[in-house]
Amino acid sequence: MLQEVTSLPALVSLTIKPGKLDNLSERLAMLLSSVIARSNLRKLSLYAMCEYISKISGSKQCKLKELFIDSCSHNHVCHILDRLPNLQTFSTRDYRLPMSETPIVLTSIHLLTSLKLYCMQIPIGLLESLLSYMPALVHLHLSTYFTTFYFLQRLSQWESFIREKLPVLNTFKLYASTEQYQYLDVKDIESMLNRFRTPFWLELKRWYITCEYVKDGNTSNIRLYSRKDSHRNFPAKSSPAMLTHSASTTRNDDITDMSIKWKVRLNLLLMTAVAISQQISIQPMFRCMTHLVLDIDQPIAISSYQFLSEFADYSQLTEIWLILISPHHSFQSDAMDNILNLVGNVPTVGISYTNDPTLIPKDILDAIISHQVKHLIIRTIYEECMQSVVTYARQLTTITFVRDQCSSNAWTHMTRWLDKNGNKYSVKDDSRSLCVYFE
Numbered sequence: 001m002l003q004e005v006t007s008l009p010a011l012v013s014l015t016i017k018p019g020k021l022d023n024l025s026e027r028l029a030m031l032l033s034s035v036i037a038r039s040n041l042r043k044l045s046l047y048a049m050c051e052y053i054s055k056i057s058g059s060k061q062c063k064l065k066e067l068f069i070d071s072c073s074h075n076h077v078c079h080i081l082d083r084l085p086n087l088q089t090f091s092t093r094d095y096r097l098p099m100s101e102t103p104i105v106l107t108s109i110h111l112l113t114s115l116k117l118y119c120m121q122i123p124i125g126l127l128e129s130l131l132s133y134m135p136a137l138v139h140l141h142l143s144t145y146f147t148t149f150y151f152l153q154r155l156s157q158w159e160s161f162i163r164e165k166l167p168v169l170n171t172f173k174l175y176a177s178t179e180q181y182q183y184l185d186v187k188d189i190e191s192m193l194n195r196f197r198t199p200f201w202l203e204l205k206r207w208y209i210t211c212e213y214v215k216d217g218n219t220s221n222i223r224l225y226s227r228k229d230s231h232r233n234f235p236a237k238s239s240p241a242m243l244t245h246s247a248s249t250t251r252n253d254d255i256t257d258m259s260i261k262w263k264v265r266l267n268l269l270l271m272t273a274v275a276i277s278q279q280i281s282i283q284p285m286f287r288c289m290t291h292l293v294l295d296i297d298q299p300i301a302i303s304s305y306q307f308l309s310e311f312a313d314y315s316q317l318t319e320i321w322l323i324l325i326s327p328h329h330s331f332q333s334d335a336m337d338n339i340l341n342l343v344g345n346v347p348t349v350g351i352s353y354t355n356d357p358t359l360i361p362k363d364i365l366d367a368i369i370s371h372q373v374k375h376l377i378i379r380t381i382y383e384e385c386m387q388s389v390v391t392y393a394r395q396l397t398t399i400t401f402v403r404d405q406c407s408s409n410a411w412t413h414m415t416r417w418l419d420k421n422g423n424k425y426s427v428k429d430d431s432r433s434l435c436v437y438f439e
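Counted from 1, the sequence shown has number 146 at position 146 by the UniProt record's numbering; the numbering is strictly sequential.
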């Protein structure tokens, strides 16, 4: 079949997904060489064929521009690139260095302009060695899910590497995570993130990075990933765990201010238990926290209030969420009072019930209003709840209702009710939120 394909005169793109290929290695390598040597072939995608393409013979006349291989080793990549000097785009979904393989390096400079390496399992030094032979790279996408903390630290120091080795790089997409990190102090993570807060990253390249730490039981994970400088719904994008905290660089960062602004989510019961058992140092864990989510699954004990009082500096807190994760748990107004007393005059409060058809008690709303909260956010699709809150809590500046699912007619009935009652409102975030205004 492949032999017949090679004779097609107008062939410019080819995808090969072979079945069993026993005893066909040499023959297949010859056929692939023939296919790639065709002057009109521009794009080639191969599945389960890395060991075969690494045996191809190359040619300076080869016009192949784009190559995708589903899985390949580091040495295979080097062999392939050395044999295809005119290749412009290379991507793979699985890039690794087998234990039995002694790594090699490229033998010459390569003019590749786009490189995508996903699910990488190679040392950072070997990756840097590979990239140093690609000075023409314009687009670079990297992902690795089981790397080391040292890998992340080296990535945060890539400013000089990119300036020197990748001078025309325009697009840089990154996802890197590791479980090989023993949490000691949030300052360790802050120092790493601050290396991405320089004029090079924020102004010249406009590459923005998020750093996220997740601890759940005995497992901890730290992640670095690229993000667009745009609104991210909070807390929908945060991970429910014992403790999650994340921070992002943005185009508005003050590069003279090295304080990291954290968004934090925690399970109040679990974190209180950890604090009591002294498994983690608290006092205070965060010097600058702007957003806080409390997952609450039972009545709050006195020890939890004590934990919260020592947990962080709340002077810069702008938004707090209470996520009531037990459908049978009744959250009382005194708990709301106590929490708001601890965190001070926070302007925005969010509430989410697991059991959505829940009316928010008026004494809860009274507690929120009495603490001079300006903005109330409620995650719900229950229209009776929305209407009762809008009717009762008119002392607030805005009330926003949010939902996970969106559609163009998601708020139709509610907006008709608002129109009937003369309320000002707007639908935002691709129809995921409805904001009602009182001033």
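Each hint should be verified, as a subset may be incorrect.
[To be verified] Simulated pairs of lysine-lysine, DSSO-like, Cα-Cα distance not exceeding 30 Å:
no. : residue 1 : residue 2
1   : K187      : K63
2   : K215      : K63
3   : K17       : K165
4   : K205      : K362
5   : K173      : K374
6   : K261      : K205
7   : K215      : K17
8   : K261      : K420
9   : K215      : K165
10  : K43       : K215
11  : K63       : K116
12  : K43       : K65
13  : K428      : K374
14  : K43       : K187
15  : K43       : K63
16  : K215      : K187
17  : K420      : K362
18  : K261      : K215
19  : K65       : K187
20  : K428      : K362
21  : K362      : K261
22  : K215      : K65
23  : K420      : K374
24  : K205      : K173
25  : K205      : K116
26  : K43       : K17
27  : K63       : K17
28  : K17       : K65
If you are wondering where the hints come from, they were derived from the structure by calculation, not from laboratory data. Keep in mind it's a predicted model, so treat the numbers as computed, not measured.
Verification of the supplied hints:
Distance check on the hinted pair: K187 and K63 sit about 51 Å apart at the alpha-carbon level, beyond 30 Å; violated. At most 30 Å may separate the alpha-carbon atoms for a hinted pair to count; K215 and K63 exceed this at roughly 49 Å. A threshold of 30 Å between alpha carbons decides the hint, and for K17 with K165 the separation of about 35 Å lies outside it, so the pair is violated. Taken as a hint, the K205 and K362 pair is broken in the structure, with Cα atoms around 50 Å apart against an allowance of 30 Å.
This hinted pair does not check out: K173 and K374 have alpha carbons roughly 37 Å apart, beyond 30 Å. Note on K261 and K205: the hinted pairing holds, with a Cα-Cα distance of about 22 Å set against a maximum of 30 Å. Taking the CA atoms of K215 and K17, the gap is near 41 Å; set against the 30 Å cutoff, the hint is violated. At most 30 Å may separate the alpha-carbon atoms for a hinted pair to count; K261 and K420 exceed this at roughly 42 Å.
A hinted pair counts as satisfied when its Cα atoms are at most 30 Å apart, and K215 with K165 does not qualify at roughly 36 Å. With a C-alpha separation of about 43 Å, the suggested pair K43 and K215 falls outside the 30 Å cut-off, and the hint is violated. A hinted pair counts as satisfied when its Cα atoms are at most 30 Å apart, and K63 with K116 qualifies at roughly 20 Å. For the suggested pair K43 and K65, the alpha carbons sit about 6 Å apart, so the restraint of at most 30 Å is met.
Under the criterion of a C-alpha separation no larger than 30 Å, the hint pairing K428 with K374 is consistent with the structure, at around 19 Å. With a C-alpha separation of about 47 Å, the suggested pair K43 and K187 falls outside the 30 Å cut-off, and the hint is violated. For a cut-off of 30 Å, the pair hint linking K43 to K63 stands: about 9 Å separates their Cα positions. Between the alpha carbons of K215 and K187 the distance comes to roughly 16 Å, so the proposed pair stays at or under 30 Å and holds.
Of the pairs offered as hints, the one joining K420 and K362 holds, with about 23 Å between alpha carbons and a cut-off of 30 Å not exceeded. Of the supplied pair hints, the one linking K261 and K215 holds, its CA atoms being roughly 19 Å apart against a limit of 30 Å. Annotation: proposed proximity of K65 to K187 is violated, straight-line Cα distance about 45 Å (limit 30 Å). Simply put, K428 and K362 have alpha-carbon atoms about 27 Å apart, close enough for the 30 Å limit, and the pair holds.
For the hint pairing K362 with K261, the CA-to-CA distance comes to about 33 Å; that exceeds 30 Å, so the pair is violated. Restraint check for K215 and K65: not satisfied, since their Cα atoms lie roughly 44 Å apart, outside the 30 Å limit. Taken as a hint, the K420 and K374 pair is honoured in the structure, with Cα atoms around 24 Å apart against an allowance of 30 Å. Under the criterion of a C-alpha separation no larger than 30 Å, the hint pairing K205 with K173 is consistent with the structure, at around 12 Å.
Between K205 and K116 the CA atoms are separated by roughly 19 Å; this keeps the pair inside 30 Å, and the hint holds. For the proposed pair K43 and K17, the alpha carbon gap of about 15 Å is at most 30 Å, so the pair holds. Taking the CA atoms of K63 and K17, the gap is about 22 Å. The hint holds against a cut of 30 Å. The suggested pairing of K17 with K65 holds, with an alpha-carbon distance near 20 Å, which does not exceed 30 Å.
Consistency with the previously given hints fails for numbers 1, 2, 3, 4, 5, 7, 8, 9, 10, 14, 19, 21 and 22, ordered from lowest to highest.
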